[in-house]
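A.B. asks: As a plain string of letters, each chain reads:
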Amino acid sequence: EAGVVQSPRYKIIEKKQPVAFWCNPISGHNTLYWYRQNLGQGPELLIRYENEEAVDDSQLPKDRFSAERLKGVDSTLKIQPAELGDSAVYLCASSTRTGVESYEQYFGPGTRLTVT
Amino acid sequence: GNSVTQMEGPVTLSEEAFLTINCTYTATGYPSLFWYVQYPGEGLQLLLKATKADDKGSNKGFEATYRKETTSFHLEKGSVQVSDSAVYFCALKGGSYIPTFGRGTSLIVHP
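Note that the protein sequences, when read in sequence, are chains P and S. Quick note on my numbering: the first sequence kicks off at 1 and runs consecutively. Quick note on my numbering: the second sequence kicks off at 117 and runs consecutively.
Honestly, the hints are just simulated from the structure, not real lab data. Misleading hints may appear alongside valid ones.
Said to hold, decoys possible - Selected chain S positions facing chain P (in silico; Cβ < 10 Å):
#1 Val-120
#2 Gln-122
#3 Glu-158
#4 Gly-159
#5 Leu-160
Claimed, not checked - Derived lysine to aspartate or glutamate pairs resembling EDC-like cross-links, with alpha carbons at most 16 Å apart:
#6 S/Lys-165 x P/Glu-44
#7 S/Lys-193 x S/Glu-132
#8 S/Lys-168 x S/Glu-179
#9 P/Lys-15 x P/Glu-104
#10 S/Lys-209 x P/Glu-104
#11 P/Lys-78 x P/Glu-14
#12 P/Lys-71 x P/Glu-50
#13 S/Lys-209 x P/Glu-44
#14 P/Lys-71 x P/Glu-44
Predicted model, so just to flag it, every value in this text is computed and none were measured. Don't be surprised by glycine CBs; every beta carbon is placed ideally from N, CA and C.
Bound-form chain P, shown alone (with noise of 0.2 Å):
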């Protein structure tokens, strides 16, 4: 089974510039999450989504992010201009609502995004 699929794994942008990231959930996942993860620290969550619902945005910036899962499958993080200060990974994880597993997250290897 493959796990979450996250692309481009590195991308070097000026400030200013637009980026966007993608990711692809495990099969069946109907959570999906966005994470920013600064060197030296754990991951801080930017947004949740239930199917196509976003449920949980509250640390998003709104001003310059945005993230979309038009079908409640993959999806996209964008960053409008971006700042020095958005240098970060940027993780994707996924996780399911039912069984043993329920709410277990899978990490895909982020995106590393470095902001000159």
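Start from chain P and add chain S according to the hints.
C.D. replies: Here is chain S on its own, set in the frame of chain P:
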């Protein structure tokens, strides 16, 4: 709010040494507790978990016991290997479905 405090790293050990990584937490109610591991260039993987007081989670030779009286969930392994070199994150999950992570502790094991 919920919080997790881990010992600062890096923790540097020789192969076959005993490992302890301390983790304490602050939370209301009765959270579930987790240890995740992150190998270089990879995402976080769940290592072990405990859902109630006095439960012991174990996996791959690692163990941690949920101690409510000391609000702790220390990670231990009797004999570490070079392949255990990674960053370890302690986390808790309370009433919501969102875990709170610690800052991570880097483990370096030398041959």
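A.B. asks: Name the hints, by number, that the structure is in violation of.
C.D. replies: 6, 9, 14
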